[in-house]
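Participant: In order, the protein sequence lines correspond to chains A and B. No gaps in the numbering here: position 294 of the first sequence is 294 in the working numbering, and each next residue is one more. Quick note: to get the working numbering, add 1000 to the position in the second sequence (first position is 1).
If you're looking for bench data, these hints aren't it; they were derived computationally from the structure. As the structure is a computational prediction, the values presented were derived from the model and not from experiment. For every residue, glycine included, the Cβ atom is placed at its ideal position computed from N, Cα and C. Wrong hints could be hidden among the right ones.
Unchecked claim - Here are some chain B residues the structure puts well away from chain A; computed CB gaps all over 12 Å:
# : residue
1 : Val1063
2 : Pro1067
3 : Trp1068
4 : Ser1071
5 : Lys1108
6 : Gly1155
7 : Arg1159
8 : Leu1388
Stated by the list, open to error - Think about it this way: if two alpha-carbon atoms lie no more than 25 Å apart in a straight line, the pair counts; the simulated SDA-like pairs of lysine to any residue are:
#  : chain 1 : residue 1 : chain 2 : residue 2
9  : A       : Lys475    : B       : Tyr1076
10 : B       : Lys1299   : B       : Leu1172
11 : B       : Lys1108   : A       : Ala435
12 : B       : Lys1480   : B       : Ser1056
13 : B       : Lys1165   : A       : Pro270
14 : B       : Lys1108   : A       : Val412
15 : B       : Lys1501   : A       : Ala441
16 : B       : Lys1439   : B       : Lys1480
17 : B       : Lys1187   : A       : Gly467
18 : B       : Lys1187   : A       : Val412
19 : A       : Lys475    : B       : Thr1188
20 : B       : Lys1455   : B       : Asp1296
21 : B       : Lys1108   : B       : Leu1172
22 : B       : Lys1108   : A       : Ala372
23 : B       : Lys1165   : A       : Gln357
24 : B       : Lys1165   : A       : Ala435
25 : A       : Lys475    : B       : Trp1068
26 : B       : Lys1299   : B       : Leu1427
27 : B       : Lys1108   : A       : Ser23
28 : B       : Lys1187   : A       : Pro270
29 : B       : Lys1108   : A       : Asp434
30 : B       : Lys1108   : A       : Gly467
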Amino acid sequence: MNPMSAVDFALAQPEMVLLGGASLMLLVDLFLTDRQRQITYFLGLLTLALTAVQVAALPEVHYAAFGGMFVVDGVARLLKLVSCATVAVVFVYSRDYLIQRGLFRGEYFVLALFATLGIFVMASAGSLLTMYMGIELLALSQYALVAFDRDSPVAAESAMKYFVLGAIASGTLLYGISIIYGVTGTFDLGALAVRLDAGAATQVGLLFGLAFLLAGIAFKFGAVPFHMWIPDVYHGAPTSVTLFLGAAPKLAYFALALRVLAEGLGGLVPAWQEMLVVLAVLSLAIGNVVAVAQTNLKRMLAYSTISNVGFILLGILAGTPTGYRAALFYTITYVVMALGSFAMIVLLSRKGFEADQIEDFRGLGQRHPWFACVMLFLMVSTAGVPPFVGFFSKLYVIQAVLDVGLTWLAVVAVLFSVIGAFYYLRVVKVMFFDAPGEEVAVTAGPALKFLLSLNGLAVLALGLFNGALVDVIAKALP
Amino acid sequence: MHSSLLSLLTWLPILGGVAVLLVGDARASVARWLALAVALAALAASVPLYLGFDASSAALQFVERMPWIPSLRSDYYLGIDGISLPLILLTTLSTVLVVIAGWTVIEKRPAQYFAAFLIMEGLMIGVFSAADALLFYVFWEAMLIPMFLIIGIWGGARRIYATIKFFLYTFLGSVFMLVALVYMYLKTGDYSLAALYRLPLSLTEQVLIFLAFFAAFAVKVPMVPVHTWLPDAHVEAPTGGSVILAAIMLKMGGYGFLRFSLPITPDAAHALDWLVIGLSLVAVVYIGLIALVQQDMKKLIAYSSIAHMGFVTLGCFVGYEIAAATGGYGGATLALSGAMVQMISHGLVSGALFLCVGVLYDRLHTRDIGAYGGVINTMPVFGAFMVLFAMANAGLPGTSGFVGEFLVILASFKANFWFAFLAAMTLILGAAYTLWLVKRVVFGAVANDGVASLKDLNGREFLVLGVLAVAVLALGVYPKPLTDVMEPTLRHVVQLMSVSKL
Chain A
1 MNPMSAVDFA LAQPEMVLLG GASLMLLVDL FLTDRQRQIT YFLGLLTLAL
51 TAVQVAALPE VHYAAFGGMF VVDGVARLLK LVSCATVAVV FVYSRDYLIQ
101 RGLFRGEYFV LALFATLGIF VMASAGSLLT MYMGIELLAL SQYALVAFDR
151 DSPVAAESAM KYFVLGAIAS GTLLYGISII YGVTGTFDLG ALAVRLDAGA
201 ATQVGLLFGL AFLLAGIAFK FGAVPFHMWI PDVYHGAPTS VTLFLGAAPK
251 LAYFALALRV LAEGLGGLVP AWQEMLVVLA VLSLAIGNVV AVAQTNLKRM
301 LAYSTISNVG FILLGILAGT PTGYRAALFY TITYVVMALG SFAMIVLLSR
351 KGFEADQIED FRGLGQRHPW FACVMLFLMV STAGVPPFVG FFSKLYVIQA
401 VLDVGLTWLA VVAVLFSVIG AFYYLRVVKV MFFDAPGEEV AVTAGPALKF
451 LLSLNGLAVL ALGLFNGALV DVIAKALP
Chain B
1001 MHSSLLSLLT WLPILGGVAV LLVGDARASV ARWLALAVAL AALAASVPLY
1051 LGFDASSAAL QFVERMPWIP SLRSDYYLGI DGISLPLILL TTLSTVLVVI
1101 AGWTVIEKRP AQYFAAFLIM EGLMIGVFSA ADALLFYVFW EAMLIPMFLI
1151 IGIWGGARRI YATIKFFLYT FLGSVFMLVA LVYMYLKTGD YSLAALYRLP
1201 LSLTEQVLIF LAFFAAFAVK VPMVPVHTWL PDAHVEAPTG GSVILAAIML
1251 KMGGYGFLRF SLPITPDAAH ALDWLVIGLS LVAVVYIGLI ALVQQDMKKL
1301 IAYSSIAHMG FVTLGCFVGY EIAAATGGYG GATLALSGAM VQMISHGLVS
1351 GALFLCVGVL YDRLHTRDIG AYGGVINTMP VFGAFMVLFA MANAGLPGTS
1401 GFVGEFLVIL ASFKANFWFA FLAAMTLILG AAYTLWLVKR VVFGAVANDG
1451 VASLKDLNGR EFLVLGVLAV AVLALGVYPK PLTDVMEPTL RHVVQLMSVS
1501 KL
């Protein structure tokens, strides 16, 4: 087998475009004055657009390149397309925010693109090593992004926490990988699946490795009890960075779980199912209950992320194609909702003022009825009320869980989503029922307003016509 | 029969509501007229629904079906039968009255107010006409959002507590229903109600599914002991919100029992009928006693609603006891039509009573019974209406309130003397709390300067109460058109509930 052929490089073309674009931006940005910085921004969007075009041209059937290290298939293609779109939306949402705070620098865009490259590598990982490289590329870019407002002590503190905990998690993950390699003698996920077929679930060594792997995955997702970093990092990072952290990487972590657990360790379903049940239930419980006590919207959304991760894990732990599809549907729709929710904070923030307290939304229903309505859609959707898309994503997950006979788990999940409804409703309450405070003008630009409006409507439209997205996912993940 | 009348009835108010929102509060009078036009158009559209309805058939009519979520085999599937039709008519009528009643009274964000009610109307009609369980659930839950905003924005002093309680209570009830629906879907592979009716289920499954449905519907009805959200919600809601809550939303619970619990889980309903009957009788007697001591007019009517809805649930489930006592399901149809008539009648009467309270509240800004007295001296026309509706609430023969209660009591007699005895307590208790209310508020000498300064009904209020008065009397004197429409469908329900699925 020739490890590198022209076909291999053709399959990796999107990654190369992305890498090339990001490197070019790094160079170009050196020679730009602050006033010309827009060029970096547009180059970033252009790179993403070109990458997306390349991804769209990829075949939807399974191809393995570079000796099986790198895989191209339907799900990789879909995840890459969605992450391109997500990161582009993040750029548009962040622009005004960064300019107002003097943070409009090339690093933000370059780092975000390198992180996107990490997501791409993870989505296409065919071996545990490729996966680990993707994870580290994504993680290092994220650490730097969090610290990127270098004058902010809170951001620096968050970055430090994130880095230390993240390094431990990476170590755990790597340790798990090495044990799995020691037991099976392969990094290749396809080969791993073949070797695990018979009687694997009783091998102590494998289970030992699996436990470390799972701890690493849970940390990346932010599942309880590996969730400590999420609130601090979401809160401490500049909102434009939180916007990025809260959205695109979730797609990569889904790929991580799918590739490693479902494809590589599919023979160990009963073993990791049990572990994931614990993680999922704890995430639902802690995420929803602690979110109730938050007064800071970014922290509230961070805990909401944790509870949503619980739902994603519920889909994965079903261990069936229906379950993976449900989890993918949940991840994608969650990304749409998270983008919108964090963008609302960006929308209401202005120079010298962060609208990150729930109180800052007071009376928004009177001040800006339309954006209050958008936020209403986002909150109610995340709470899981039909006809918004959040309901259907929960429905599919519950269906997958019931399908494997875990009725009690479905009941637990819906009970915690009722608790969750409370804090989303509180935001609605603050917006519509409380009298407005001081009059605040929205200083955001038209691009942000337009895209955010679309985002809100997308939550409704994806709900009413969710069949289309379901079909796309069913094609990508047969 | 192919027609898109039901889609029109569902989406016209929703889109109309969005249009009213777009008109905005700045052009309030345009918004008002537009809202009225939409509500009237929906009312007009429901007339051919009644005229074109084939009352001799229990089959779904005005059926519309097209794929909605193909991967789930869930369809956009609408259709009505004899249970849905009266409730849809009640919905379109109530919404028009609510829009008229709120005409000048609502000064705060009027466009949003009317829009909320219109969107609500569309969603409620959607609930009553959905023949696909998932579609039903979507409408059922979506309804909570406008009501949450209505109580929260235009409600009274404790509105936020009340509306969050309302939302969480009903949301908690409904999620269990969702789990049950998904569970059954996984067995049938199809969300249509007809498929769920055919699905064989073991008794354990049925009991669990029944309890899941019960959680959803009992909260909505509401039944003791999950009724506590209702007095809060009613008291804090604006008049229009109370009217829609009492007239339509509470009926969703009864509708759910008829549409889901009885046909889908007949054996569990049979096995657990003691629970429902027991709670219904508790509602009739105990909540009747509670109503007696209320100082707040709206709270009194709210408790009276719970007691009256006890008749609905009693009528729905007493059929099994009738069968046990008489050996046949002959009396069950009678009980179910009693329950249905009671739902419609209660919708008219309690709506009217809330409107009466609203009339007084708009003038003196208090709902405290003690603040009134001798209203009849300054508001004779209003007094006459209030007495009429109070009589209907107490179940006076000749009003609609009598028909439903009488049918249910009659049917209960066939089951067990004590059921009938306890249910008939309402004739005493209902008369006691309503008449005492009337005595304290309407009759007597003028109590204070506030009452002395009252002005009688204006044309708008007269119109709203007049329409309801005519409906209450017409239904009381000649309920046949209503019972005829329902009869075949109810017989079909009895047939479904009487055949074991084991």
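Participant: Now tell me, hint by hint, if it's right for this structure.
Facilitator: Results of checking the hints against the structure:
{"no.": "1", "hint": "Val1063", "verdict": "holds (21 Å)"}
{"no.": "2", "hint": "Pro1067", "verdict": "violated (8 Å)"}
{"no.": "3", "hint": "Trp1068", "verdict": "violated (7 Å)"}
{"no.": "4", "hint": "Ser1071", "verdict": "violated (5 Å)"}
{"no.": "5", "hint": "Lys1108", "verdict": "violated (10 Å)"}
{"no.": "6", "hint": "Gly1155", "verdict": "violated (9 Å)"}
{"no.": "7", "hint": "Arg1159", "verdict": "violated (7 Å)"}
{"no.": "8", "hint": "Leu1388", "verdict": "holds (36 Å)"}
{"no.": "9", "hint": "Lys475(A) with Tyr1076(B)", "verdict": "holds (23 Å)"}
{"no.": "10", "hint": "Lys1299(B) with Leu1172(B)", "verdict": "holds (23 Å)"}
{"no.": "11", "hint": "Lys1108(B) with Ala435(A)", "verdict": "holds (12 Å)"}
{"no.": "12", "hint": "Lys1480(B) with Ser1056(B)", "verdict": "holds (14 Å)"}
{"no.": "13", "hint": "Lys1165(B) with Pro270(A)", "verdict": "violated (40 Å)"}
{"no.": "14", "hint": "Lys1108(B) with Val412(A)", "verdict": "violated (41 Å)"}
{"no.": "15", "hint": "Lys1501(B) with Ala441(A)", "verdict": "violated (63 Å)"}
{"no.": "16", "hint": "Lys1439(B) with Lys1480(B)", "verdict": "violated (33 Å)"}
{"no.": "17", "hint": "Lys1187(B) with Gly467(A)", "verdict": "holds (21 Å)"}
{"no.": "18", "hint": "Lys1187(B) with Val412(A)", "verdict": "holds (21 Å)"}
{"no.": "19", "hint": "Lys475(A) with Thr1188(B)", "verdict": "holds (24 Å)"}
{"no.": "20", "hint": "Lys1455(B) with Asp1296(B)", "verdict": "holds (22 Å)"}
{"no.": "21", "hint": "Lys1108(B) with Leu1172(B)", "verdict": "violated (31 Å)"}
{"no.": "22", "hint": "Lys1108(B) with Ala372(A)", "verdict": "holds (17 Å)"}
{"no.": "23", "hint": "Lys1165(B) with Gln357(A)", "verdict": "holds (24 Å)"}
{"no.": "24", "hint": "Lys1165(B) with Ala435(A)", "verdict": "holds (21 Å)"}
{"no.": "25", "hint": "Lys475(A) with Trp1068(B)", "verdict": "holds (18 Å)"}
{"no.": "26", "hint": "Lys1299(B) with Leu1427(B)", "verdict": "holds (20 Å)"}
{"no.": "27", "hint": "Lys1108(B) with Ser23(A)", "verdict": "violated (56 Å)"}
{"no.": "28", "hint": "Lys1187(B) with Pro270(A)", "verdict": "holds (24 Å)"}
{"no.": "29", "hint": "Lys1108(B) with Asp434(A)", "verdict": "holds (13 Å)"}
{"no.": "30", "hint": "Lys1108(B) with Gly467(A)", "verdict": "violated (39 Å)"}
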